[in-house]
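From first to last, the protein sequence lines stand for chains A and B. Numbered by the numbering used here, the letters in the first sequence go through residues 1 to 425 in order. Numbered by the numbering used here, the letters in the second sequence go through residues 426 to 651 in order.
Hints are computed from structural coordinates only; laboratory data are not their basis. Every value quoted in this text rests on a predicted model; they were computed, and no experiment measured them. No residue lacks a Cβ here, since even glycine has one placed at the ideal position from N, Cα and C. Don't take every hint at face value.
Claimed, not checked - Cut-off 25 Å, straight-line C-alpha distance, at most; resulting in silico cross-link-like pairs (DSS-like, lysine-lysine): (1) K5(A) <-> K543(B); (2) K419(A) <-> K487(B); (3) K583(B) <-> K5(A); (4) K147(A) <-> K174(A); (5) K174(A) <-> K134(A); (6) K419(A) <-> K433(B); (7) K146(A) <-> K174(A); (8) K134(A) <-> K147(A); (9) K147(A) <-> K90(A); (10) K146(A) <-> K128(A); (11) K146(A) <-> K90(A); (12) K90(A) <-> K60(A); (13) K154(A) <-> K128(A); (14) K90(A) <-> K154(A); (15) K543(B) <-> K419(A).
What the hints assert, rightly or not - Here are the in silico distance ranges between beta carbons for each label pair: (16) N616(B) <-> Y406(A): 30 to 36 Å; (17) Y406(A) <-> L497(B): 39 to 45 Å; (18) D597(B) <-> D321(A): 39 to 45 Å; (19) A594(B) <-> V313(A): 36 to 42 Å; (20) K5(A) <-> E614(B): 26 to 32 Å.
As the list claims (entries may be wrong) - If you want the footprint, here are the derived chain A segments under chain B, 3+ residues with CB under 8 Å: (21) 7 to 16; (22) 324 to 331; (23) 334 to 347.
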Amino acid sequence: MSLWKVAWRSIQQRALVSTLTVLSMGLGVALVVAVLVVYSVVYQSFHRGGEGYDLIVGAKGGREQLVLNTVFYLSQPVGNIPYSFYDELKVGRRFSADVETAVPVCMGHTYQGFRVIGTVPEMFTELKYQGEKKYEFVQSEDADGKKVQGRNFKEDAPFEAVLGAVAASRTQLKIGETIRGIAGGSHTDKQPFTVVGVLAPTGTPVDHAVFVNMRGFQEMHHAEGEGHGEHADHDHEHNDQITAVLVCIYPDRAAAGRTDVVARTINDSRFAQAVVPARVIADLFEGVVGKLQWILLGMAVLTVIEAGIGIMVSIYNSMSDRRHEIAVMRALGASRFTVMMVILMESILLALMGGIMGLLLGHGAIWLCSPLIADWTGVVVGLLQFQWMELILIPGLIVLASAVGYLPAVAAYRTDVAKSLVTTP
Amino acid sequence: MLLLKDIKKAFRQPDGSALPVLDIPEFRVEVGEQMVMVGRSGCGKTTLLHIIAGIGRPDSGKVRIDDWDITLMPEAERDRFRAERIGYVFQTFNLLAGFTALENVLVAMRFARGRPDKARARSLLNRVGLGHRMTHRPSQLSVGEQQRVAVARALANKPQLLLADEPTANIDAAHQQQILDLIRETCREENVALIMVTHSNDVARQFPRMDHLEDINRVAVGGAIG
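One chain only, chain A, in its complex shape (with noise of 0.2 Å):
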């Protein structure tokens, strides 16, 4: 019979109070789970954004905002840039021995809540996400109800439209159904854009937007402008407008800094910024999410340290009844060290319980709320999805446990055997 078989019994027989503790301790570890596994989520959802291209080219003004706006579909544009920057990006000569891939972005309106985007179809060609994962479109149902095999929107169609998949299923819009509307106000577009295809989830806020041709985009903007009064005369530069062009580098070129270089010499530039997303989005993340996950995980773990004191009192007010207990042991020969550390395997036991306890219900819980999450955010998390951090937990808790169970040990310690046994149990 082992020290920790002693112990055990004795959390068995003071059963509900024990599984209070462990409950307590459970719900503390829970909470220090869940913090870490949507810090991750929000963590994954963030950086996932930014993966795919290198730099982001928009209009001078706040780099924060550009990136919001480009790679979030989030706040409006920090304004335009003329469209020959793209093309100056594309097939310029100053850029073409950097520059592998440009795709130009136009920030439109919503639809149904949904960001419109007005862009190339090389936009789900040549670009990737999550490193080299490539855009595909799924199968869906067209307004008959037959599956059909969605499709890139073309060059030459200028009014075809493709969905991102949290997009096209809160909208319910079918590959052949058009929509409308998509300038904003009151104004009817003339010529509606016909849904293509639907993107497969990529976990990114692509899943969040509406991806129309640009050249439609441009000429329904165009249109708008002539129905408010404005531009009677087809301004052309409203036409040479884009708000901002995702930039591929050369890997090559990218790996030997040339990515700093052609940011540089845009930003030398008057109109145009350029701004690498990973960066700003790592700063943005620790400057708002990252500060805020620790403010979480301290508040989630004074309620782990709060479930520890509980185990102290739970075991230091056992100690009373348990003098006489502690005194026959005792008296068979345990040594005050033994029965210290049977009172400390108790705590530790009490913690190691909470603490299994915690992670089964912080990652069920996840797990319930996974397909919450992948909707919300395209990340999608398993049961057994652990956090790093989670590996102190388990070792953190044994010394949370040791710490707390100190004071009701050094109590058992004390107990003065010949007094003890004399008191009736």
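Here the structure of chain A is known, so what remains is to put chain B in place on it, guided by the hints.
Just chain B, lined up with the frame of chain A:
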């Protein structure tokens, strides 16, 4: 085998004064000897057993068991010595409530040697007639059965000396003799010296040696703690 020499013990009273309990010039028990200690309540019988077992320390004097003076041992060594060489049967049994009968015996072995001998524990429980109740907890056993477990536990580590503090006091008359016979027989079989404290004349008469604590204790009767 057991020799007490010039044992003195007093308890501190709330007003700070000392209350003498024991003053025993000499007390001996031989190997395998069975003796009974009688005395009125509060005359210091339990205190004497605690001192012999090393649970309590005398204010002065020596407690020698074979060649070891336990009063000179550090506490941890005394604990180990007690676990290995002295068995103790309490009046109130003092079984550990959360443990089964078998575990109560095993836990005593664990504290003595670190590695319990399951076969001996089972054999002892069989010998006290509890082979069929090994997995029962104290609350599921009768008073007599609990005391049998306590006897098996006291003998678990093959002690040289068994101290029994009124082991039949809480047992009904029908089972008193059974318990008494059990303790004496097992001590005889294992050649264990037995010191039994009792109030019962019926019990005391069955022993070849009966000491009155008042006869060996110089402290005047009255006011001592039992």
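Results for each hint:
Our distance criterion of 25 Å between C-alpha atoms is met by K5(A) and K543(B), whose separation comes to about 15 Å. About 22 Å separates the Cα atoms of K419(A) and K487(B), which keeps this hinted pair within 25 Å; it holds. Between K583(B) and K5(A) the CA atoms are separated by roughly 23 Å; this keeps the pair inside 25 Å, and the hint holds. As the CA atoms of K147(A) and K174(A) are separated by approximately 10 Å, the hinted pair is consistent with the 25 Å bound.
In summary, the hint linking K174(A) to K134(A) is supported, as the alpha carbons are separated by about 22 Å, within the 25 Å threshold. Distance hint between K419(A) and K433(B) is fulfilled; the C-alpha atoms sit about 18 Å from each other, no more than 25 Å. Taking the CA atoms of K146(A) and K174(A), the gap is near 10 Å; set against the 25 Å cutoff, the hint holds. Proximity of K134(A) to K147(A) is assessed by CA-CA distance (about 22 Å); at most 25 Å being required, the pair is judged to hold.
Proximity of K147(A) to K90(A) is assessed by CA-CA distance (about 37 Å); at most 25 Å being required, the pair is judged violated. Proximity of K146(A) to K128(A) is assessed by CA-CA distance (about 29 Å); at most 25 Å being required, the pair is judged violated. For the hint pairing K146(A) with K90(A), the CA-to-CA distance comes to about 39 Å; that exceeds 25 Å, so the pair is violated. Between K90(A) and K60(A) the alpha-carbon distance is near 20 Å, which keeps this suggested pair within the 25 Å criterion.
For a cut-off of 25 Å, the pair hint linking K154(A) to K128(A) stands: about 18 Å separates their Cα positions. Of the supplied pair hints, the one linking K90(A) and K154(A) holds, its CA atoms being roughly 19 Å apart against a limit of 25 Å. For the given pair, K543(B) sits about 32 Å from K419(A) by alpha-carbon distance, which is inconsistent with the 25 Å threshold. Roughly 44 Å separates the CB atoms of N616(B) and Y406(A), a value that falls outside the hinted 30 to 36 Å.
The supplied range of 39 to 45 Å is broken by Y406(A) and L497(B), whose beta-carbon atoms lie about 31 Å from each other. The supplied range of 39 to 45 Å is broken by D597(B) and D321(A), whose beta-carbon atoms lie about 28 Å from each other. Between A594(B) and V313(A) the beta carbon distance is about 38 Å. The supplied range of 36 to 42 Å therefore holds. Under the hint 26 to 32 Å, the C-beta atoms of K5(A) and E614(B), about 30 Å apart, fit the expected range.
Only residues whose C-beta sits within less than 8 Å of a C-beta in chain B count toward coverage, and the segment 7 to 16 of chain A has 4 of them, enough to reach three; the restraint holds. Under the rule that three or more residues need a Cβ within less than 8 Å of chain B, the assignment of the segment 324 to 331 of chain A holds, with 6 such residues. For the segment 334 to 347 of chain A, the proposed coverage by chain B is satisfied: 5 residues have a C-beta within less than 8 Å of a C-beta in that chain, meeting the threshold of three.
Hint violations for this structure: numbers 9, 10, 11, 15, 16, 17 and 18, all remaining hints satisfied.
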